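Enquirer: Take the sequences, apply the hints, and build the full model.
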Amino acid sequence: MSELIENKNLVVELKSLIASTKEQVAISVNSSLTLMYWQIGFKINEDILKNSRADYGNEIVHSVSRQLVAEFGSSFSKRNLFHMIKFYKVFSDEKIVYSLSTQLTWTHIRSLITIEDELKRTFYIEMAKLDKWSTRTLNDRIDSMLYERTVLSKKPDELISYEIEKLKEGVVTPNMVLKDPYVLDFLELNDRYLEKDLEDAILRDIENFILELGNGFSFIARQKRVQIGDEDFYIDLLFYNRKLKRLIALDLKLGKFKAEYKGQMELYLKYLEKYEKEDDENTPLGIILCSDKNQEQIELLELEKSDIHVAKYLTILPPKEEFEKRLHKAIQNAKQKYQIKG
Numbered sequence: 001m002s003e004l005i006e007n008k009n010l011v012v013e014l015k016s017l018i019a020s021t022k023e024q025v026a027i028s029v030n031s032s033l034t035l036m037y038w039q040i041g042f043k044i045n046e047d048i049l050k051n052s053r054a055d056y057g058n059e060i061v062h063s064v065s066r067q068l069v070a071e072f073g074s075s076f077s078k079r080n081l082f083h084m085i086k087f088y089k090v091f092s093d094e095k096i097v098y099s100l101s102t103q104l105t106w107t108h109i110r111s112l113i114t115i116e117d118e119l120k121r122t123f124y125i126e127m128a129k130l131d132k133w134s135t136r137t138l139n140d141r142i143d144s145m146l147y148e149r150t151v152l153s154k155k156p157d158e159l160i161s162y163e164i165e166k167l168k169e170g171v172v173t174p175n176m177v178l179k180d181p182y183v184l185d186f187l188e189l190n191d192r193y194l195e196k197d198l199e200d201a202i203l204r205d206i207e208n209f210i211l212e213l214g215n216g217f218s219f220i221a222r223q224k225r226v227q228i229g230d231e232d233f234y235i236d237l238l239f240y241n242r243k244l245k246r247l248i249a250l251d252l253k254l255g256k257f258k259a260e261y262k263g264q265m266e267l268y269l270k271y272l273e274k275y276e277k278e279d280d281e282n283t284p285l286g287i288i289l290c291s292d293k294n295q296e297q298i299e300l301l302e303l304e305k306s307d308i309h310v311a312k313y314l315t316i317l318p319p320k321e322e323f324e325k326r327l328h329k330a331i332q333n334a335k336q337k338y339q340i341k342g
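In UniProt numbering, the protein residues as written are 1 to 342.
Derived from the structure by calculation, the hints contain no laboratory data.
Please note that the accuracy of each hint is not assured.
[Said to hold, decoys possible] If you anchor each label on the Cβ, the simulated ranges turn out as follows: (1) S77 <-> D230: 40 to 48 Å; (2) I48 <-> L130: 32 to 40 Å; (3) T102 <-> R66: 27 to 35 Å; (4) D131 <-> A19: 18 to 26 Å; (5) A19 <-> S77: 30 to 38 Å; (6) G263 <-> S74: 45 to 53 Å; (7) E13 <-> D230: 51 to 59 Å; (8) R204 <-> E260: 21 to 29 Å.
[To be verified] Pairs of lysine-lysine residues, derived as DSS-like cross-links and limited to a Cα-Cα distance of at most 30 Å, are as follows: (9) K86 <-> K256; (10) K78 <-> K129; (11) K224 <-> K258; (12) K245 <-> K274; (13) K132 <-> K224; (14) K95 <-> K50; (15) K277 <-> K253; (16) K262 <-> K243; (17) K253 <-> K224; (18) K129 <-> K274; (19) K15 <-> K43; (20) K95 <-> K78; (21) K274 <-> K89; (22) K95 <-> K129; (23) K256 <-> K270; (24) K129 <-> K15; (25) K245 <-> K224; (26) K50 <-> K86; (27) K277 <-> K258; (28) K132 <-> K277; (29) K270 <-> K258; (30) K78 <-> K89.
Every value quoted in this text rests on a predicted model; they were computed, and no experiment measured them.
Don't be surprised by glycine CBs; every beta carbon is placed ideally from N, CA and C.
Expert: Structure (structure tokens):
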């Protein structure tokens, strides 16, 4: 019997050893790959692109990608090579890259390099390392504007900077553990009122912008209630345009465009067509405003060919660039109002 117990203990120890070694191997492989991607970005940028015209540089990257993909596979697609170049440009210090590579994966880094504001980016880096976020969790936190909501709740940039430095030193302060939005998220008591303040400020700005255009626009409702079955939905802004003779539903999304937004807007448009549209009116039009739109995903869904427009509008509506510029300004105004940087 004692031999059986000893064998069982031995197996437990061996399993632990194998699992630990596999984890170390995975970390080592990830670190090596991440460093390699940075070095590729460095080599392409410094040796080829530094003094090249944009169109010429694009051709070179395409050519290099074709040759690498032929031998090493799709990890070296043109798109991924540009991610590597961006990686080098954002993190030009190799020592920082080495530290990142031991704690975050390449997919984490691809999400982080899209954040232009350095303080905001560093906040997400340190939080991802501290709480061991998956890439999906990181993206969810970015899309839910955790950084902005954390600042909005009680913290000026100086305090955020101080806490980030403490995180780097391995020190966890009470403020980090008890920061309002994060704890409320954990307790499933999301501080929607904070994010709602930001959304409301942006929507007011966009509403004023559209009405100032004239061009036949009239305001109908904000947070228009739409009841479908037993569920209630709310359209952020609803307008009517006399020249287009159609209702225009506008939805604001703080974050990247996601495929499910299309389905949600289609639901709104079908409701409006069935219950709100007059017989002599054209079918309703939907506009989805995203603070960080994913153009490739939009093209894949071919949204511009339907009555749902993501940053592409009819001639009666403001030009794409003007609308995007005003959305950016509205977001900045709202952040300034609530003393958010970035």
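Enquirer: All hints are to be evaluated individually against the structure, with a verdict given for each.
Expert: Comparing the hints with the structure gives:
1. S77 <-> D230: 40 to 48 Å: 45 Å, holds
2. I48 <-> L130: 32 to 40 Å: 37 Å, holds
3. T102 <-> R66: 27 to 35 Å: 32 Å, holds
4. D131 <-> A19: 18 to 26 Å: With a Cβ separation near 21 Å, D131 and A19 satisfy 18 to 26 Å, so the hint holds.
5. A19 <-> S77: 30 to 38 Å: 33 Å, holds
6. G263 <-> S74: 45 to 53 Å: 29 Å, violated
7. E13 <-> D230: 51 to 59 Å: 55 Å, holds
8. R204 <-> E260: 21 to 29 Å: 26 Å, holds
9. K86 <-> K256: Within the cut-off at roughly 19 Å; holds.
10. K78 <-> K129: 29 Å, holds
11. K224 <-> K258: 22 Å, holds
12. K245 <-> K274: It holds: about 16 Å lies between the C-alpha atoms, which stays within 30 Å.
13. K132 <-> K224: Not OK: K132 and K224 at ~40 Å, beyond 30 Å, violated.
14. K95 <-> K50: 22 Å, holds
15. K277 <-> K253: 25 Å, holds
16. K262 <-> K243: The given pair, whose Cα atoms are some 25 Å apart, holds under the 30 Å limit.
17. K253 <-> K224: It holds: about 16 Å lies between the C-alpha atoms, which stays within 30 Å.
18. K129 <-> K274: 50 Å, violated
19. K15 <-> K43: 42 Å, violated
20. K95 <-> K78: It holds: about 26 Å lies between the C-alpha atoms, which stays within 30 Å.
21. K274 <-> K89: Not OK: K274 and K89 at ~51 Å, beyond 30 Å, violated.
22. K95 <-> K129: Judged against 30 Å, a Cα distance of about 16 Å means the pair holds.
23. K256 <-> K270: The hint holds at about 24 Å.
24. K129 <-> K15: 26 Å, holds
25. K245 <-> K224: 19 Å, holds
26. K50 <-> K86: It holds: about 13 Å lies between the C-alpha atoms, which stays within 30 Å.
27. K277 <-> K258: Satisfied, since the Cα-Cα distance of roughly 27 Å is no more than 30 Å.
28. K132 <-> K277: 50 Å, violated
29. K270 <-> K258: 20 Å, holds
30. K78 <-> K89: 17 Å, holds
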